[in-house]
Amino acid sequence: MEIRYATNPEATKQFDTEKLREEYLIPGLFVPGELKLVYSHVDRFITGGAIPTDKGIKLEADTKTMGAPFFLQRREIGIINVGAKGSVTVDGEKFSMDSKDCLYIGLGKENVVFESDQASEPARFYFTSTPAHKEYPTVKAAISEATPQHLGSITNSNERTIYKYIHEEGIRSCQLVMGLTMLKPGNMWNTMPCHTHNRRSEVYFYFDMPEDGVVFHLMGEPTETRHVVVRNEQAIISPSWSIHSGVGTSNYTFIWAMAGENQQFSDMDAVAMQDLK
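Just so we're aligned, residue 1 is where the sequence shown starts under the numbering used here, counting upward by one.
It is worth saying that the hints were derived from the structure and are not from the lab.
The C-beta atom is built at its ideal place from N, Cα and C for all residues, glycine as well.
One or more hints might be untrue.
As the list claims (entries may be wrong) - Straight-line Cα separation of at most 25 Å, SDA-like style, residue types lysine to any residue; simulated pairs:
#1 K64 x R44
#2 K109 x T138
#3 K85 x K109
#4 K13 x N198
#5 K58 x D98
#6 K134 x H167
#7 K184 x A141
#8 K85 x G56
#9 K277 x E221
#10 K277 x P9
#11 K85 x E221
#12 K109 x C174
#13 K109 x V82
#14 K184 x H167
#15 K55 x E2
#16 K184 x V82
#17 K58 x K184
#18 K94 x A61
#19 K109 x D267
#20 K109 x K184
#21 K109 x A68
#22 K36 x T196
As the list claims (entries may be wrong) - Label-pair ranges, simulated between beta-carbon atoms:
#23 E145 x G108: 41 to 47 Å
#24 P27 x Q149: 26 to 32 Å
#25 P185 x D269: 29 to 35 Å
#26 E60 x E18: 19 to 25 Å
#27 T155 x D16: 32 to 38 Å
#28 E10 x G108: 36 to 42 Å
#29 T161 x Q73: 22 to 28 Å
#30 T249 x T161: 17 to 23 Å
#31 E93 x E22: 38 to 44 Å
#32 D269 x G108: 42 to 48 Å
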């Protein structure tokens, strides 16, 4: 398990490109047959990926880092399949997972195993996990069952649909909020006009991008913006003091996950366009 420590806005002002990527970008989440985990001290997010091939991959705790005998002893997790068909087995109960299906697993579940239906066309399980204090039921939601919200316009190159999975009026959790946003063809901007929410941090995961496509992810304080070039199936950590926006070389999809003081999706501190620097 890789460990990332929290940073502050004053320090970030001095970071060059390499340092920004080292602190915030999470590449290499998907390695066939392996479980990859990154532990961030920003709201103690764990971000991970698993590509099971000819055998299942068990979600196991790094006992030294987590101080727990199993991964979900004091945590909850949201999982979205971004690959071919697969399944997740939770304490003996099997959940079939198509592309863009979501599964929430609550506190206390001991055995979680990722599997692909076909090793030649494996599932690709992306997940985020946060600390939890109460057990909520394990719930699966297909993208057709998520709460859609249509935003933006082709005029502003940000026409998109947000699908909410884990939130106050959907799948219940302790603090994790999770869903995905799909940009329509011809649209490249996300989360612009931008905002911050000092009460919550966020992790973005970009996918459904062409091999030569990139997203210029914007971060930093509104008056001290920076950018990080993000490629397909890479994630980026967004501290609570930072904006989180981006523009791509084509349309794309991204998974967002939030944790912190509350679960109110609409709790945002808007940033006026004229205040950005």
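So, going through the hints one by one against the coordinates:
no. : hint                    : verdict
1   : K64 x R44               : holds (15 Å)
2   : K109 x T138             : holds (9 Å)
3   : K85 x K109              : holds (23 Å)
4   : K13 x N198              : holds (18 Å)
5   : K58 x D98               : holds (19 Å)
6   : K134 x H167             : holds (15 Å)
7   : K184 x A141             : holds (22 Å)
8   : K85 x G56               : holds (13 Å)
9   : K277 x E221             : holds (9 Å)
10  : K277 x P9               : holds (14 Å)
11  : K85 x E221              : violated (40 Å)
12  : K109 x C174             : holds (15 Å)
13  : K109 x V82              : holds (23 Å)
14  : K184 x H167             : holds (23 Å)
15  : K55 x E2                : holds (24 Å)
16  : K184 x V82              : holds (18 Å)
17  : K58 x K184              : violated (35 Å)
18  : K94 x A61               : holds (20 Å)
19  : K109 x D267             : violated (30 Å)
20  : K109 x K184             : violated (37 Å)
21  : K109 x A68              : holds (13 Å)
22  : K36 x T196              : violated (29 Å)
23  : E145 x G108: 41 to 47 Å : violated (24 Å)
24  : P27 x Q149: 26 to 32 Å  : holds (29 Å)
25  : P185 x D269: 29 to 35 Å : holds (31 Å)
26  : E60 x E18: 19 to 25 Å   : violated (31 Å)
27  : T155 x D16: 32 to 38 Å  : holds (36 Å)
28  : E10 x G108: 36 to 42 Å  : holds (40 Å)
29  : T161 x Q73: 22 to 28 Å  : violated (36 Å)
30  : T249 x T161: 17 to 23 Å : holds (20 Å)
31  : E93 x E22: 38 to 44 Å   : holds (39 Å)
32  : D269 x G108: 42 to 48 Å : violated (35 Å)
Going through the hint list in order, the structure does not satisfy hints 11, 17, 19, 20, 22, 23, 26, 29 and 32.
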